[in-house]
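Q: Please take these sequences and the hints and turn them into a complete structure.
This is what each chain is made of:
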Amino acid sequence: MTPVFPDEEIARTIPLDEIDVSKPDLYVREAAHPYFARLRKEAPVHYCRESAYGPYWSITKFSDIVAIDTNHKVFSSDVSNGSFVLDDATLNPINGGISLPNFLGMDPPKHDAHRLAVSPIVATENLNRMEPLIRQRTQKVLDELPIGETFNWVDRVSIELTTMMLATLFDFPFEDRRKLTRWSDVVTASPGTGVIDTWEQREQELRECEAYFKDLYAQRARIAPTGDLVSMLAHSPVMQELGSEEFLGTIVLLIVGGNDTTRSSMSGSALANHLFPAEFAKVKANPALINSLVPEIVRWQTPIAHMRRTAIEDIEFQGKKIRKGDKVAMWYLSGNRDEDVIDRPHDFIADRPRARHHLSFGFGIHRCLGNRLAELQIRVLWEEALKRFSQVEVVGEMVRVPSNLIHGFIDIPVRLHR
Amino acid sequence: MPKVIYITHDGAEHVVDVPVGLSAMEGAVQNAIPGIDGDCGGAAACGTCHVFVDQAWIAKAGTPGSTIEKEMLELTDNVAPNSRLSCQIKLTAELDGLVLRMPLGQH
Ligand code: HEM
Ligand code: FES
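Which chain is which? The protein sequence lines are V and G, in order.
Residue 423 in the working numbering sits at position 417 of the first sequence, with consecutive numbering throughout.
Residue 834 in the working numbering sits at position 67 of the second sequence, with consecutive numbering throughout.
I should point out that these hints are in silico values taken from the structure, not numbers from a laboratory.
You may find that some hints are simply not true.
Stated by the list, open to error - Straight-line C-alpha distance at most 20 Å; calculated SDA-like pairs for lysine to any residue: (1) V:116 - G:827; (2) G:837 - V:122; (3) G:837 - V:373; (4) V:79 - G:836; (5) V:79 - G:835; (6) V:116 - G:842; (7) V:116 - G:840; (8) V:79 - G:810; (9) G:827 - G:789.
A: Rendered as structure tokens:
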């Protein structure tokens, strides 16, 4: 079953050099795929001359994305050279944005030092310790869902579970946890897309986030290490050098990285269940298939549509001359639909061979730090959901996030069947 | 074909013949040996094929080959002096009997 996307006709006929896959509107309507299909075939390394973010290159084939992602010496993530997302205002003090430096936006050696300071939070031993808590909460959230009544899966399942997780990672006051959800949304928002009205409002809310975390930091700094992320920052020798901006930037990376992405996977999995019920039935019949179901969910959804790099020297790539200073977008959403690497890429296949071979977590030195934790949460969700429900039915119009970065949902009205 | 002995974190031994030219990661994945994921397919770009080379094999297979392998290992959990990314170990006749141990945390 290959789904039909809007814009198939336009995507086939529009002149190549007029294609601009960065338009948020394409993501609201889930209409980007036909454009990506055309680019993969006719212009896998494509230059868009004009966009809301200025000119940029689009990389759309799986193997080309791996090549760029692993060549960090030429394709820099460092904020001093640009940003790791197309929209510079997300992380830089331009066009109304504020400066939010963090290690996803750093090159080595500083990147490595910062990453290693927080990586113990997702060490295997720590994940094993957290699993019973994750399971207990997941069971409770699922048990409280109404059967046969319409509700928003995103809010009641995806946001609820990922926000509780995030509160635990930070040891954040539990009753205030929806603040984390709000800050996560605010970081990637720009005025006019429904989340915030002005840049001033965004800055003000992020300053509140900073003040809140500074308080927590001061408390954790006074006591012995407690194993949560704030405590790790407070006690790590390399993190003592963090200025106010880098502190907020690092907190924001951990909030968005750990929240929006896993949320979108959980939301996308409800849609997958609706569209491909037989695939979930396979897993119910053979629980071992959870090991391929989980990566298939993460591939099929692709929660981060793109990451961007900036070329710091001239280079010829697949016959195209990329110049120093050029923006280069790696479209994971396209690479994960590349027929040359992934068989029937639009289909959701629970027992897909080599399901782990996907781009959703990126590759190279910036590869997602939290990928095991994300997989753990998604695994527990479906182990528990399959025990309780035979189907998640989508019963109304879905609302998607208007973003070329966060590929996710705001509303998925569903009804559960026992 | 060279034999490779894979020892999982809990001590289980898996002995398989791996054709010359394949990597130790491919040998494990193709034989469904638990403990090596190989998410990037062998590009030294994910760190999910981390192994510890047995002390007896250090001279022949214990040294990371490329810069990217070294960089990725630096960011991997529980690295040791005998750590390698197994996708970067290409099997040769010389490596017949190679012993690799897997860390905790890979599937
Ligand atoms: C399904 C869920 C997730 C997806 C799809 C995802 C995706 C990504 C992607 C695409 C990158 C950048 C890779 C690159 O530039 O090559 C990344 C980096 C990162 N992610 Fe995730 N992520 C997820 C969950 C998480 C969770 C749960 C956490 C936190 C606990 C997390 C923390 C991070 C961090 C800290 C980085 C920066 C790594 C670095 O620069 O070295 N992510 N993630
Ligand atoms: S398979 Fe990815 S690093 Fe070896």
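Q: Taking the hints in turn, state whether each one holds.
A: Tested hints:
Between residue 116 (chain V) and residue 827 (chain G), the direct Cα distance comes to roughly 33 Å. Violation of the 20 Å bound is thereby established for this hinted pair. Using a Cα cut-off of 20 Å, the hinted pair residue 837 (chain G) and residue 122 (chain V) holds, with the two alpha carbons roughly 15 Å apart. Proposed proximity of residue 837 (chain G) and residue 373 (chain V) is supported: the alpha carbons are some 15 Å apart, at most 20 Å. Between the alpha carbons of residue 79 (chain V) and residue 836 (chain G) the distance comes to roughly 14 Å, so the proposed pair stays at or under 20 Å and holds.
Between residue 79 (chain V) and residue 835 (chain G), the direct Cα distance comes to roughly 11 Å. Compliance with the 20 Å bound is thereby established for this hinted pair. Between residue 116 (chain V) and residue 842 (chain G) the CA atoms are separated by roughly 12 Å; this keeps the pair inside 20 Å, and the hint holds. About 16 Å separates the Cα atoms of residue 116 (chain V) and residue 840 (chain G), which keeps this hinted pair within 20 Å; it holds. Of the supplied pair hints, the one linking residue 79 (chain V) and residue 810 (chain G) holds, its CA atoms being roughly 16 Å apart against a limit of 20 Å.
In summary, the hint linking residue 827 (chain G) to residue 789 (chain G) is supported, as the alpha carbons are separated by about 16 Å, within the 20 Å threshold.
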